[in-house]
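Let's have the full structure, built from the sequences with the hints guiding it.
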Amino acid sequence: MHANRIRSARKRAVVALAATALLGGATAAAGPVAAAPRTAKADTPAPDCSAAYRIEQTLTGGTTWRMCWRYESEAGLVLDRVSYQPKGEAKPIMVLTSAKLGQIHVPYDDGKAEYDDLTGAGFGGGLQGMAPGECPGGTIKTVKVTNTWDQSQTDVNGLCTTTRARGHAYRMAGENPGQVWQEQGKDLLVYTVNKVGWYEYITEWRFQADGLISANVGATGSLSPADYDAGDGRGWPIGQGAKAYATSHSHNIFWRLNFALDGTPGGTVEQYDSTTTPGKDGATPTTRTVRTPVTKELAGDAKDMRWWRVVSATGKNKDGHARSYEIVPGATAKYSGRPYTRHDVYFTEYKACEQFATNNLRNCGPDAGKSVDTWVNGETLKNPIAWVNIGFHHVARDEDQQPMPVHWQGFQLMPRDVTAMNPLTPAALAGQNGHSQ
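Position in the sequence shown (from 1) plus 63 gives the number in the working numbering.
Possibly wrong hints are sitting among the right ones.
What follows is a list of derived Cβ distance ranges for each label pair [as the list claims (entries may be wrong)]:
(1) Lys381 to Pro195: 40 to 48 Å
(2) Glu119 to Asp295: 50 to 58 Å
(3) Gln303 to Pro429: 18 to 26 Å
(4) Thr339 to Ala396: 21 to 29 Å
(5) Glu442 to Val243: 26 to 34 Å
(6) Arg369 to Glu238: 36 to 44 Å
(7) Arg369 to Glu442: 56 to 64 Å
(8) Val353 to Gln216: 49 to 57 Å
(9) Asp295 to Gly393: 40 to 48 Å
(10) Asn440 to Lys154: 31 to 39 Å
(11) Val243 to Asp295: 49 to 57 Å
(12) Arg117 to Pro195: 19 to 27 Å
(13) Gly294 to Arg369: 51 to 59 Å
Under the rule of at most 20 Å between Cα atoms (straight-line distance), these lysine to aspartate or glutamate pairs were calculated in the EDC-like manner [as the list claims (entries may be wrong)]:
(14) Lys359 to Glu333
(15) Lys397 to Glu135
(16) Lys445 to Asp367
(17) Lys397 to Asp367
(18) Lys379 to Glu135
(19) Lys207 to Glu135
(20) Lys397 to Glu177
Derived from the structure by calculation, the hints contain no laboratory data. Glycine residues also receive a C-beta, built at the ideal position from the N, C-alpha and C atoms.
Structure follows, in C-alpha coordinates:
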(Lines of atoms letter the chains of each structure in order from A; the text may use other names.)
(Lines give C-alpha, C1' and ligand atoms only; values in the text may rest on other atoms or scores of the structure.)
Protein backbone atom coordinates (compact mmCIF):
# COMPACT_ATOMS: atom_id res chain seq x y z
CA MET A 64 0.00 0.00 0.00
CA HIS A 65 2.15 2.74 -1.25
CA ALA A 66 -0.01 5.52 -2.64
CA ASN A 67 1.55 7.65 0.03
CA ARG A 68 4.11 9.67 -1.83
CA ILE A 69 4.36 13.07 -3.38
CA ARG A 70 6.06 12.05 -6.60
CA SER A 71 7.91 15.28 -7.24
CA ALA A 72 9.50 15.12 -3.78
CA ARG A 73 10.47 11.49 -4.30
CA LYS A 74 12.00 12.26 -7.69
CA ARG A 75 14.09 15.04 -6.19
CA ALA A 76 15.37 12.61 -3.54
CA VAL A 77 16.30 10.07 -6.20
CA VAL A 78 18.16 12.69 -8.24
CA ALA A 79 20.05 13.82 -5.13
CA LEU A 80 20.96 10.23 -4.33
CA ALA A 81 22.29 9.59 -7.81
CA ALA A 82 24.37 12.76 -7.70
CA THR A 83 25.95 11.84 -4.39
CA ALA A 84 26.63 8.29 -5.56
CA LEU A 85 28.59 9.73 -8.47
CA LEU A 86 30.61 11.80 -6.04
CA GLY A 87 31.38 8.75 -3.92
CA GLY A 88 29.14 9.65 -1.00
CA ALA A 89 27.88 6.95 1.35
CA THR A 90 24.23 7.97 1.32
CA ALA A 91 22.35 10.73 -0.41
CA ALA A 92 19.15 11.38 1.42
CA ALA A 93 18.36 14.58 3.25
CA GLY A 94 18.34 14.25 7.01
CA PRO A 95 20.32 11.98 9.35
CA VAL A 96 21.43 8.55 8.21
CA ALA A 97 23.85 6.09 9.73
CA ALA A 98 27.23 6.02 8.07
CA ALA A 99 28.55 2.65 6.86
CA PRO A 100 31.96 2.50 5.16
CA ARG A 101 31.62 1.03 1.66
CA THR A 102 34.84 -0.92 2.07
CA ALA A 103 33.73 -2.65 5.25
CA LYS A 104 32.76 -6.32 5.25
CA ALA A 105 29.12 -5.79 6.04
CA ASP A 106 28.51 -9.23 7.55
CA THR A 107 31.34 -8.99 10.06
CA PRO A 108 30.20 -7.19 13.22
CA ALA A 109 32.55 -6.18 16.01
CA PRO A 110 34.07 -9.10 17.98
CA ASP A 111 31.42 -8.51 20.61
CA CYS A 112 28.67 -5.98 21.16
CA SER A 113 28.40 -3.83 24.24
CA ALA A 114 25.39 -3.97 26.55
CA ALA A 115 23.69 -1.11 24.69
CA TYR A 116 23.69 -3.15 21.47
CA ARG A 117 22.90 -6.54 22.99
CA ILE A 118 19.45 -8.14 23.14
CA GLU A 119 18.83 -11.12 25.41
CA GLN A 120 15.42 -12.46 26.40
CA THR A 121 14.35 -15.63 28.20
CA LEU A 122 10.80 -16.64 27.29
CA THR A 123 8.18 -18.83 28.91
CA GLY A 124 9.40 -22.41 28.80
CA GLY A 125 13.05 -21.50 29.35
CA THR A 126 14.14 -20.56 25.82
CA THR A 127 16.68 -17.72 25.56
CA TRP A 128 17.24 -15.66 22.42
CA ARG A 129 20.46 -13.63 22.08
CA MET A 130 21.57 -11.23 19.36
CA CYS A 131 23.35 -7.96 18.63
CA TRP A 132 21.81 -5.05 16.76
CA ARG A 133 23.19 -2.20 14.68
CA TYR A 134 21.87 0.38 12.26
CA GLU A 135 22.99 0.81 8.65
CA SER A 136 22.69 3.80 6.35
CA GLU A 137 20.32 2.21 3.85
CA ALA A 138 19.03 -1.03 5.38
CA GLY A 139 18.18 0.39 8.79
CA LEU A 140 17.99 -2.26 11.53
CA VAL A 141 20.44 -5.17 11.25
CA LEU A 142 20.50 -8.16 13.62
CA ASP A 143 23.82 -9.95 14.05
CA ARG A 144 24.82 -13.22 15.71
CA VAL A 145 21.27 -14.43 16.33
CA SER A 146 21.31 -17.48 18.62
CA TYR A 147 18.67 -19.71 20.16
CA GLN A 148 19.08 -21.69 23.39
CA PRO A 149 16.07 -23.81 24.32
CA LYS A 150 15.69 -25.60 27.62
CA GLY A 151 17.98 -28.61 27.82
CA GLU A 152 20.67 -27.27 25.47
CA ALA A 153 24.01 -26.68 27.17
CA LYS A 154 24.96 -23.73 24.96
CA PRO A 155 23.34 -21.32 22.50
CA ILE A 156 22.71 -22.58 18.97
CA MET A 157 23.81 -19.99 16.42
CA VAL A 158 21.25 -19.42 13.66
CA LEU A 159 22.15 -16.29 11.67
CA THR A 160 25.32 -14.27 11.16
CA SER A 161 23.19 -11.35 10.02
CA ALA A 162 19.61 -10.59 8.99
CA LYS A 163 18.23 -7.39 7.46
CA LEU A 164 16.05 -5.88 4.78
CA GLY A 165 17.49 -6.24 1.31
CA GLN A 166 15.24 -3.76 -0.53
CA ILE A 167 11.75 -2.29 -0.78
CA HIS A 168 11.00 -1.92 -4.49
CA VAL A 169 7.91 0.14 -5.36
CA PRO A 170 6.75 0.39 -9.01
CA TYR A 171 3.50 2.21 -9.87
CA ASP A 172 0.89 0.66 -12.15
CA ASP A 173 0.82 3.60 -14.55
CA GLY A 174 4.54 3.23 -15.31
CA LYS A 175 5.30 6.82 -14.30
CA ALA A 176 7.23 6.14 -11.09
CA GLU A 177 9.43 3.40 -9.57
CA TYR A 178 11.41 3.54 -6.33
CA ASP A 179 14.01 1.57 -4.39
CA ASP A 180 13.16 2.81 -0.93
CA LEU A 181 16.30 1.53 0.84
CA THR A 182 18.95 2.70 -1.61
CA GLY A 183 17.11 5.46 -3.43
CA ALA A 184 14.66 7.21 -1.11
CA GLY A 185 16.27 7.72 2.29
CA PHE A 186 14.81 4.79 4.26
CA GLY A 187 17.67 4.71 6.79
CA GLY A 188 17.50 8.45 7.42
CA GLY A 189 13.78 8.22 8.16
CA LEU A 190 14.09 6.41 11.50
CA GLN A 191 11.25 7.60 13.72
CA GLY A 192 11.33 8.23 17.44
CA MET A 193 8.82 6.16 19.40
CA ALA A 194 6.35 7.30 21.99
CA PRO A 195 6.27 5.17 25.18
CA GLY A 196 2.96 3.63 24.15
CA GLU A 197 4.53 2.21 20.98
CA CYS A 198 6.60 -0.31 22.91
CA PRO A 199 4.17 -1.70 25.51
CA GLY A 200 5.91 -3.53 28.33
CA GLY A 201 9.31 -3.20 26.66
CA THR A 202 12.35 -0.98 26.30
CA ILE A 203 12.95 1.73 23.72
CA LYS A 204 16.64 1.81 22.81
CA THR A 205 18.53 4.82 21.54
CA VAL A 206 19.88 4.65 17.99
CA LYS A 207 22.74 6.94 17.01
CA VAL A 208 21.93 8.19 13.53
CA THR A 209 24.72 9.91 11.61
CA ASN A 210 24.21 12.66 9.05
CA THR A 211 26.52 11.75 6.16
CA TRP A 212 26.73 15.38 5.01
CA ASP A 213 28.48 16.73 8.10
CA GLN A 214 28.92 13.57 10.24
CA SER A 215 26.81 15.07 13.02
CA GLN A 216 24.91 12.54 15.11
CA THR A 217 21.35 12.52 16.35
CA ASP A 218 20.05 10.23 19.09
CA VAL A 219 16.72 8.70 18.10
CA ASN A 220 14.70 6.63 20.55
CA GLY A 221 13.80 4.32 17.72
CA LEU A 222 14.27 0.62 18.60
CA CYS A 223 11.71 -1.35 20.59
CA THR A 224 12.42 -4.69 22.28
CA THR A 225 9.48 -6.24 24.09
CA THR A 226 7.51 -9.46 24.58
CA ARG A 227 3.99 -10.17 23.42
CA ALA A 228 1.49 -12.96 24.05
CA ARG A 229 0.53 -15.02 20.99
CA GLY A 230 -1.93 -17.59 22.32
CA HIS A 231 -1.44 -21.34 22.34
CA ALA A 232 2.09 -22.63 21.87
CA TYR A 233 0.61 -26.13 21.89
CA ARG A 234 -2.38 -28.09 23.18
CA MET A 235 -2.89 -31.83 23.61
CA ALA A 236 -5.60 -33.72 25.45
CA GLY A 237 -4.31 -36.27 27.95
CA GLU A 238 -5.50 -39.84 28.38
CA ASN A 239 -7.21 -39.10 31.67
CA PRO A 240 -10.55 -37.25 31.72
CA GLY A 241 -10.04 -33.50 31.95
CA GLN A 242 -6.27 -33.75 31.48
CA VAL A 243 -4.90 -31.17 29.05
CA TRP A 244 -1.32 -30.32 28.15
CA GLN A 245 -1.17 -26.71 26.98
CA GLU A 246 0.98 -23.61 27.16
CA GLN A 247 0.35 -19.99 26.28
CA GLY A 248 3.23 -18.64 24.22
CA LYS A 249 5.02 -15.31 24.51
CA ASP A 250 7.35 -13.97 21.80
CA LEU A 251 10.30 -11.59 21.72
CA LEU A 252 9.64 -8.68 19.36
CA VAL A 253 12.30 -6.33 17.96
CA TYR A 254 11.16 -3.51 15.67
CA THR A 255 11.78 -0.04 14.26
CA VAL A 256 9.69 2.47 12.29
CA ASN A 257 11.10 4.22 9.21
CA LYS A 258 9.33 6.96 7.27
CA VAL A 259 9.64 7.31 3.48
CA GLY A 260 7.54 10.06 1.93
CA TRP A 261 4.00 9.68 3.28
CA TYR A 262 4.58 6.06 4.14
CA GLU A 263 5.86 4.45 7.36
CA TYR A 264 7.35 0.96 7.58
CA ILE A 265 7.38 -1.13 10.75
CA THR A 266 10.30 -3.56 10.43
CA GLU A 267 9.52 -6.38 12.85
CA TRP A 268 11.43 -9.50 13.88
CA ARG A 269 9.56 -11.97 16.10
CA PHE A 270 11.24 -14.84 17.98
CA GLN A 271 9.24 -17.69 19.51
CA ALA A 272 10.15 -20.03 22.36
CA ASP A 273 9.96 -23.03 20.00
CA GLY A 274 12.67 -21.59 17.74
CA LEU A 275 10.48 -20.03 15.03
CA ILE A 276 11.57 -16.67 13.59
CA SER A 277 9.08 -14.40 11.80
CA ALA A 278 10.23 -11.46 9.65
CA ASN A 279 7.54 -8.94 8.73
CA VAL A 280 7.20 -5.42 7.42
CA GLY A 281 4.03 -3.53 8.28
CA ALA A 282 3.13 -0.60 6.06
CA THR A 283 1.12 2.31 7.42
CA GLY A 284 1.08 6.10 7.32
CA SER A 285 -1.00 8.03 4.83
CA LEU A 286 -2.19 8.03 1.24
CA SER A 287 -0.41 10.78 -0.66
CA PRO A 288 -2.71 13.81 -1.09
CA ALA A 289 -1.03 14.56 -4.44
CA ASP A 290 -1.22 11.07 -5.91
CA TYR A 291 -4.80 10.87 -7.18
CA ASP A 292 -3.99 11.06 -10.88
CA ALA A 293 -4.74 7.53 -12.08
CA GLY A 294 -7.70 6.27 -14.07
CA ASP A 295 -9.88 3.20 -13.90
CA GLY A 296 -7.74 0.08 -14.24
CA ARG A 297 -4.64 1.82 -12.86
CA GLY A 298 -6.14 3.09 -9.61
CA TRP A 299 -9.15 3.15 -7.28
CA PRO A 300 -11.55 6.01 -6.54
CA ILE A 301 -11.01 7.43 -3.04
CA GLY A 302 -13.43 9.91 -1.50
CA GLN A 303 -16.84 11.04 -2.75
CA GLY A 304 -17.84 9.85 -6.20
CA ALA A 305 -15.60 8.27 -8.80
CA LYS A 306 -13.32 11.21 -9.52
CA ALA A 307 -9.99 10.97 -7.66
CA TYR A 308 -8.26 7.64 -8.39
CA ALA A 309 -5.36 6.74 -6.04
CA THR A 310 -2.66 5.12 -8.16
CA SER A 311 -2.17 1.40 -7.61
CA HIS A 312 1.35 0.08 -7.07
CA SER A 313 3.37 -2.86 -5.74
CA HIS A 314 5.54 -3.38 -2.67
CA ASN A 315 8.23 -5.94 -3.42
CA ILE A 316 10.12 -6.45 -0.17
CA PHE A 317 13.39 -8.40 -0.01
CA TRP A 318 15.16 -9.74 3.06
CA ARG A 319 18.83 -10.77 3.12
CA LEU A 320 19.81 -13.69 5.40
CA ASN A 321 23.31 -14.95 6.15
CA PHE A 322 23.01 -18.27 8.00
CA ALA A 323 25.61 -19.63 10.43
CA LEU A 324 23.93 -22.68 11.92
CA ASP A 325 25.92 -23.95 14.91
CA GLY A 326 28.34 -21.08 14.42
CA THR A 327 29.77 -22.38 11.14
CA PRO A 328 29.35 -20.21 8.03
CA GLY A 329 28.15 -22.03 4.98
CA GLY A 330 26.00 -25.09 5.22
CA THR A 331 24.00 -26.60 2.40
CA VAL A 332 20.70 -25.77 0.71
CA GLU A 333 18.05 -28.35 -0.14
CA GLN A 334 14.83 -28.09 -2.16
CA TYR A 335 11.88 -30.41 -1.51
CA ASP A 336 9.07 -31.10 -3.97
CA SER A 337 6.04 -33.29 -3.35
CA THR A 338 3.79 -34.64 -6.10
CA THR A 339 0.47 -36.41 -5.70
CA THR A 340 -0.61 -39.25 -7.99
CA PRO A 341 -4.34 -40.08 -8.20
CA GLY A 342 -5.23 -43.63 -7.15
CA LYS A 343 -6.61 -46.08 -9.67
CA ASP A 344 -10.34 -46.88 -9.59
CA GLY A 345 -11.01 -44.43 -6.75
CA ALA A 346 -8.20 -45.66 -4.47
CA THR A 347 -6.53 -43.19 -2.12
CA PRO A 348 -3.96 -41.00 -3.94
CA THR A 349 -0.29 -41.30 -3.03
CA THR A 350 2.20 -38.50 -2.48
CA ARG A 351 5.96 -38.69 -2.93
CA THR A 352 8.51 -36.11 -1.70
CA VAL A 353 11.85 -35.69 -3.46
CA ARG A 354 14.91 -33.92 -2.07
CA THR A 355 17.15 -32.01 -4.48
CA PRO A 356 20.48 -30.66 -3.18
CA VAL A 357 21.01 -27.06 -4.32
CA THR A 358 24.73 -26.97 -5.04
CA LYS A 359 24.76 -23.98 -7.41
CA GLU A 360 23.30 -20.50 -7.12
CA LEU A 361 19.54 -20.58 -7.62
CA ALA A 362 16.62 -18.32 -8.51
CA GLY A 363 13.75 -20.29 -6.99
CA ASP A 364 10.00 -20.14 -7.53
CA ALA A 365 7.53 -21.12 -4.83
CA LYS A 366 5.04 -23.80 -5.86
CA ASP A 367 2.47 -25.92 -4.10
CA MET A 368 4.24 -28.48 -1.92
CA ARG A 369 7.71 -26.99 -2.52
CA TRP A 370 10.02 -25.72 0.20
CA TRP A 371 13.68 -25.04 0.94
CA ARG A 372 15.86 -25.50 3.98
CA VAL A 373 19.39 -24.42 4.95
CA VAL A 374 21.25 -27.27 6.67
CA SER A 375 24.03 -26.96 9.24
CA ALA A 376 27.47 -28.00 8.03
CA THR A 377 28.42 -29.43 11.43
CA GLY A 378 25.60 -29.52 13.95
CA LYS A 379 23.20 -32.34 14.81
CA ASN A 380 20.46 -32.61 17.40
CA LYS A 381 20.38 -35.26 20.14
CA ASP A 382 18.69 -37.71 17.76
CA GLY A 383 21.62 -37.41 15.36
CA HIS A 384 19.69 -35.43 12.74
CA ALA A 385 21.30 -32.48 10.94
CA ARG A 386 20.03 -29.16 12.20
CA SER A 387 18.34 -26.89 9.66
CA TYR A 388 15.97 -23.96 9.19
CA GLU A 389 13.14 -24.08 6.65
CA ILE A 390 12.13 -20.96 4.71
CA VAL A 391 8.34 -20.53 4.82
CA PRO A 392 7.23 -17.71 2.47
CA GLY A 393 4.10 -15.79 3.41
CA ALA A 394 1.32 -14.70 1.08
CA THR A 395 2.75 -12.93 -1.95
CA ALA A 396 1.75 -11.22 -5.19
CA LYS A 397 4.70 -11.77 -7.52
CA TYR A 398 5.55 -8.76 -9.70
CA SER A 399 6.70 -9.73 -13.19
CA GLY A 400 7.76 -6.27 -14.35
CA ARG A 401 11.45 -6.61 -13.46
CA PRO A 402 13.81 -9.62 -13.72
CA TYR A 403 14.79 -9.39 -10.05
CA THR A 404 11.18 -9.62 -8.81
CA ARG A 405 10.22 -12.65 -10.90
CA HIS A 406 11.44 -15.19 -8.34
CA ASP A 407 10.49 -15.82 -4.71
CA VAL A 408 13.82 -17.01 -3.29
CA TYR A 409 17.41 -16.50 -4.40
CA PHE A 410 20.47 -18.33 -3.08
CA THR A 411 23.75 -16.63 -3.97
CA GLU A 412 27.32 -17.27 -2.95
CA TYR A 413 28.44 -14.78 -0.29
CA LYS A 414 30.15 -11.63 -1.51
CA ALA A 415 30.59 -8.70 0.84
CA CYS A 416 29.59 -6.18 -1.82
CA GLU A 417 26.22 -7.83 -2.60
CA GLN A 418 24.03 -6.13 -0.01
CA PHE A 419 20.83 -4.98 -1.76
CA ALA A 420 18.57 -6.96 -4.07
CA THR A 421 18.04 -4.00 -6.42
CA ASN A 422 19.97 -0.78 -7.01
CA ASN A 423 22.89 -2.24 -5.06
CA LEU A 424 25.16 0.64 -4.02
CA ARG A 425 28.24 -1.38 -3.14
CA ASN A 426 31.00 -1.65 -5.75
CA CYS A 427 31.12 -5.25 -6.95
CA GLY A 428 33.40 -4.58 -9.92
CA PRO A 429 32.86 -3.41 -13.50
CA ASP A 430 31.28 -6.68 -14.67
CA ALA A 431 28.89 -7.18 -11.75
CA GLY A 432 25.22 -6.36 -11.96
CA LYS A 433 23.29 -4.16 -9.57
CA SER A 434 20.50 -6.63 -8.72
CA VAL A 435 20.21 -10.10 -7.21
CA ASP A 436 19.10 -11.81 -10.43
CA THR A 437 22.44 -10.93 -12.07
CA TRP A 438 24.38 -12.62 -9.26
CA VAL A 439 22.89 -16.05 -9.97
CA ASN A 440 25.49 -17.29 -12.45
CA GLY A 441 26.10 -20.93 -11.59
CA GLU A 442 28.71 -20.42 -8.89
CA THR A 443 29.07 -23.23 -6.35
CA LEU A 444 27.37 -22.51 -3.03
CA LYS A 445 29.87 -22.67 -0.18
CA ASN A 446 28.51 -19.86 1.98
CA PRO A 447 24.94 -19.31 0.70
CA ILE A 448 23.10 -16.05 1.18
CA ALA A 449 19.30 -16.38 1.08
CA TRP A 450 17.17 -13.59 -0.39
CA VAL A 451 13.41 -13.82 0.22
CA ASN A 452 11.06 -11.74 -1.97
CA ILE A 453 7.47 -11.14 -0.80
CA GLY A 454 5.23 -8.93 -2.96
CA PHE A 455 2.02 -7.04 -2.30
CA HIS A 456 -0.12 -5.30 -4.92
CA HIS A 457 -1.91 -2.37 -3.36
CA VAL A 458 -5.15 -1.26 -4.90
CA ALA A 459 -6.19 1.46 -2.45
CA ARG A 460 -9.57 1.46 -0.67
CA ASP A 461 -11.62 4.00 1.25
CA GLU A 462 -10.55 2.40 4.54
CA ASP A 463 -6.92 3.31 3.83
CA GLN A 464 -7.60 6.83 5.10
CA GLN A 465 -6.89 8.28 7.57
CA PRO A 466 -4.39 7.07 8.84
CA MET A 467 -3.81 3.91 6.84
CA PRO A 468 -4.26 0.65 8.78
CA VAL A 469 -1.10 -1.46 9.04
CA HIS A 470 -0.81 -4.20 6.43
CA TRP A 471 1.84 -6.89 6.76
CA GLN A 472 3.95 -8.99 4.43
CA GLY A 473 6.71 -11.39 5.38
CA PHE A 474 7.90 -14.95 5.91
CA GLN A 475 9.04 -17.38 8.60
CA LEU A 476 12.17 -19.36 9.40
CA MET A 477 11.02 -22.63 10.95
CA PRO A 478 13.43 -24.87 12.87
CA ARG A 479 13.61 -28.35 11.39
CA ASP A 480 15.44 -30.88 13.60
CA VAL A 481 17.21 -28.16 15.56
CA THR A 482 16.12 -29.99 18.73
CA ALA A 483 15.20 -33.66 19.15
CA MET A 484 11.73 -32.80 20.48
CA ASN A 485 9.51 -29.78 20.95
CA PRO A 486 11.66 -27.56 23.19
CA LEU A 487 8.55 -26.80 25.26
CA THR A 488 7.71 -30.47 25.94
CA PRO A 489 6.43 -30.93 29.53
CA ALA A 490 8.63 -33.14 31.72
CA ALA A 491 5.90 -35.78 31.94
CA LEU A 492 6.03 -36.27 28.16
CA ALA A 493 9.80 -36.15 27.72
CA GLY A 494 10.05 -39.89 27.11
CA GLN A 495 7.74 -39.83 24.10
CA ASN A 496 10.39 -39.33 21.43
CA GLY A 497 9.70 -41.30 18.26
CA HIS A 498 7.87 -44.61 17.97
CA SER A 499 7.49 -46.57 21.18
CA GLN A 500 5.72 -49.89 21.90
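Do the hints match the structure? See the list:
no., hint, in the structure
1, Lys381 to Pro195: 40 to 48 Å, "holds, 43 Å"
2, Glu119 to Asp295: 50 to 58 Å, "holds, 53 Å"
3, Gln303 to Pro429: 18 to 26 Å, "violated, 55 Å"
4, Thr339 to Ala396: 21 to 29 Å, "holds, 26 Å"
5, Glu442 to Val243: 26 to 34 Å, "violated, 52 Å"
6, Arg369 to Glu238: 36 to 44 Å, "holds, 38 Å"
7, Arg369 to Glu442: 56 to 64 Å, "violated, 23 Å"
8, Val353 to Gln216: 49 to 57 Å, "holds, 54 Å"
9, Asp295 to Gly393: 40 to 48 Å, "violated, 30 Å"
10, Asn440 to Lys154: 31 to 39 Å, "holds, 38 Å"
11, Val243 to Asp295: 49 to 57 Å, "holds, 55 Å"
12, Arg117 to Pro195: 19 to 27 Å, "holds, 22 Å"
13, Gly294 to Arg369: 51 to 59 Å, "violated, 38 Å"
14, Lys359 to Glu333, "holds, 11 Å"
15, Lys397 to Glu135, "violated, 27 Å"
16, Lys445 to Asp367, "violated, 28 Å"
17, Lys397 to Asp367, "holds, 15 Å"
18, Lys379 to Glu135, "violated, 34 Å"
19, Lys207 to Glu135, "holds, 10 Å"
20, Lys397 to Glu177, "holds, 16 Å"
Comparing the model with each numbered hint stated earlier shows that hints 3, 5, 7, 9, 13, 15, 16 and 18 do not hold.
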